[in-house]
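Using the hints, position chains B, C and D against chain A.
Protein chains: 4
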Amino acid sequence: MADLPRRLIAEALGTALLLAVVIGSGVMGERLAGGNAAIALLANTLATVGGLYVLIEVFGPLSGSHFNPAVSLVMVVRGVLPRSNLVPYIVVQLVGAMLGAWLVHLMFDMKVFELAAKVRSGTGQWIAEGVATFGLILVILRAPAARVAAMVAAYIGAAYWFTASTSFANPAAAFGRMFSDSFAGIAPASVPGFVVAEIAGAMMALWLHGRLEKSAVAATSSSGDPVSVNVVKEERHG
Amino acid sequence: MADLPRRLIAEALGTALLLAVVIGSGVMGERLAGGNAAIALLANTLATVGGLYVLIEVFGPLSGSHFNPAVSLVMVVRGVLPRSNLVPYIVVQLVGAMLGAWLVHLMFDMKVFELAAKVRSGTGQWIAEGVATFGLILVILRAPAARVAAMVAAYIGAAYWFTASTSFANPAAAFGRMFSDSFAGIAPASVPGFVVAEIAGAMMALWLHGRLEKSAVAATSSSGDPVSVNVVKEERHG
Amino acid sequence: MADLPRRLIAEALGTALLLAVVIGSGVMGERLAGGNAAIALLANTLATVGGLYVLIEVFGPLSGSHFNPAVSLVMVVRGVLPRSNLVPYIVVQLVGAMLGAWLVHLMFDMKVFELAAKVRSGTGQWIAEGVATFGLILVILRAPAARVAAMVAAYIGAAYWFTASTSFANPAAAFGRMFSDSFAGIAPASVPGFVVAEIAGAMMALWLHGRLEKSAVAATSSSGDPVSVNVVKEERHG
Amino acid sequence: MADLPRRLIAEALGTALLLAVVIGSGVMGERLAGGNAAIALLANTLATVGGLYVLIEVFGPLSGSHFNPAVSLVMVVRGVLPRSNLVPYIVVQLVGAMLGAWLVHLMFDMKVFELAAKVRSGTGQWIAEGVATFGLILVILRAPAARVAAMVAAYIGAAYWFTASTSFANPAAAFGRMFSDSFAGIAPASVPGFVVAEIAGAMMALWLHGRLEKSAVAATSSSGDPVSVNVVKEERHG
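Chains as they are written, first to last, in the working numbering: chain A, 51 to 288; chain B, 51 to 288; chain C, 51 to 288; chain D, 51 to 288.
Chain A on its own, in the form it takes in the complex (with noise of 0.2 Å):
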């Protein structure tokens, strides 16, 4: 990993990049789908799909690609990011949200400030950030390096449609989408709620992710490599 200030850049620069796209193609679907929430939503989805995978790739080399407090949380408690780097991290992350979303104001002749008027709150909607988040961390923890970005990207994309909250599974996707009274907006007032939410799934993907990592550690223990162990454990069961 780079040194410091090079990994906040890299953190900053992708997080703003992740919200321009999830606001950006949300304006652009909504523009173009007349009247059709469906079609804007799958406009929506297939740019965060292509654009998260990209920005993964892209950054993971520098920073790891957390763009995301609680995904930045997680690695603290794993002990992969210093807890030193937490503060530093969600700060940038934090600020690249919100550039990306004046960003795309920028580019699409709107205003640079505003504030989202829709609302996003009830049970429903704090189960479904709950879940989303819940899957995305477990995801994470789960795939192998290789293949974290597309598993991640893949993710996303479902958990647009499957849960219904549309999958923040960011605490500061919520707050970059905070600034853009658009497709992907949401007001200022359920931002608590969704990141309360999404901790908590956070939470619970970590611990569920400690109780099934026993038993493959003690599969694995005797082979070593970590492709092979695949073959070597579906071997076993014949």
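Since the hints were derived computationally from the structure, they do not count as laboratory data. Glycine included, every Cβ here is placed at the ideal spot set by N, Cα and C.
Derived CB-CB ranges, DEER-like: (1) D/260 to B/258: 56 to 64 Å; (2) B/138 to A/263: 18 to 26 Å; (3) A/237 to D/138: 53 to 61 Å.
DSS-like cross-link-like pairs, simulated, lysine-lysine; straight-line CA separation at most 27 Å: (4) C/161 to B/168; (5) B/161 to A/168; (6) D/168 to A/161; (7) D/161 to C/168.
Here are some, though not all, of the chain D residues that point toward chain A, as calculated from beta-carbon distances under 8 Å: (8) 86; (9) 189; (10) 197; (11) 201; (12) 204; (13) 208; (14) 212; (15) 262.
Relative to the frame of chain A, chains B, C and D by itself:
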């Protein structure tokens, strides 16, 4: 592979999340699509493809990621899954499928318990389910281990559209969808016909695979080409 | 590769399933799309891309996954397929294609035997089929073996939209689609024009590939880089 | 790499096919979408993603698959492309782009020569083109060689939606689209603004990449991890 309790957790959770993806994206698609069923099914398809790919990768090293009694049955016949595991696998798959439907209802503020009214019946539908499951099992048996998740996901994405039944191809999916009176639902009275057709399709794939395999083994022994070697390795499971 | 009878089963079954995917997803798309042909073609495209990718992977180690007389012809010219196999390959491809159409009719409760009424003719359509097949053969000849399935599927997905003929690019597909009076159908009188254009496009790709290859070989002998080596290995087939 | 004449054939043919994909799928999308521009752009996006992925893979070993004067310029600055090749590369890219537009017109029975009337201008559009090309060049410079085709294709798919200009990100694409008065067209008077913005975005990406690279090199010398090694190897071009 993990010990049995953890494998059962993986099968239960994986099947629950798979059904949540299938049913939830159907609910979201239908709500947003303004009456255009093709757009709803496109959304349903993309979510299922992404979700299925990720779930197979995430839980494969633990339980083999069956999420499907027809797959577990085939794996017992092939000697990959111990015969004594078959009933526990199927029980947690069915329970997980039902819980997945209920999770969707919680997220989308629907009544938790309900039964589907959508009749799916008739010769065309049964042939379709037979074809769908035949194809699924053939793909699973012939896919190289590293590509099985992507190939199964791509196959199901195609089968949602080319089979008249939108390709359940999974008795646990038929069971779980029975509990949701929404886009992806199936009336309880239609479930037995689907399950019989699915098992029949699976058995035909098993039989055909046995026939095709023989030749591959014979051919490989003289050629030694790396592609066919894969097939031979799989044979050892049997 | 397998012995001839099993290779012919693979070609017949693969072509039948390919046509079932192409025609079936067209039927489903047209039924659900409420008159919007772009949505029907999007569904048709996604199903074809997923299905083609999987079928090439599944049957490749057995028969080479041609499913296409133009491809088999090219492989004979390149020395990859024995000349004596050409007629049997083409016969089972044509029979399989027809059976694929009939399977769709059984699943969708349509009359089994019918002929398409949709005229596809004129200079623009023939140029389109020539371009479509030229591109397909160039992709097949230049793709690294490990990526050929993904590349062919992605190419056909693009060609469904950028060629005016929606890219049949396959005489067996033209033959099979003749038997279904649905979204993907083609009137029998239009088939010969398509087949001639396809063969012409394939021959142009063969010629161009020979020209491009020469330079690659010359360049590789001095550089030894692993990417070009691939090309050299393929040359040995010729 | 091949000798210069064959590399120029590859660049000309690749750029022609790329523009045929971009413009042709726009024509088809607009014809079929019944006035819903979002559906037309979805089709345009999917065709472009598939086509771009395949074209980069197919011609990469010959010419590097630039298809884009901004990319060729960056490669000259990085020392990957000899300075003397820059003008020939750009000339064949421009000619190829124009021929690609004309090929579409032949296939779709349109007048071969025409100029687009669609004005694409203003600060928002120029910022969008700068952002689009900045992202494209950053992806190209940072992608591992084995994934560059998939990453570029996924990036452009996202950028079609998140940038207000639908992301031309390529002076040759702007030039070629000028010759088609259809969905993907751009009025000749709007081309210079786009080209300036694209070059500016490319230069910013070059500068940023240089800054980020330094740290990666420093970090790698102590860690030796295979992901960062890639970055180091690329540095040698510079």
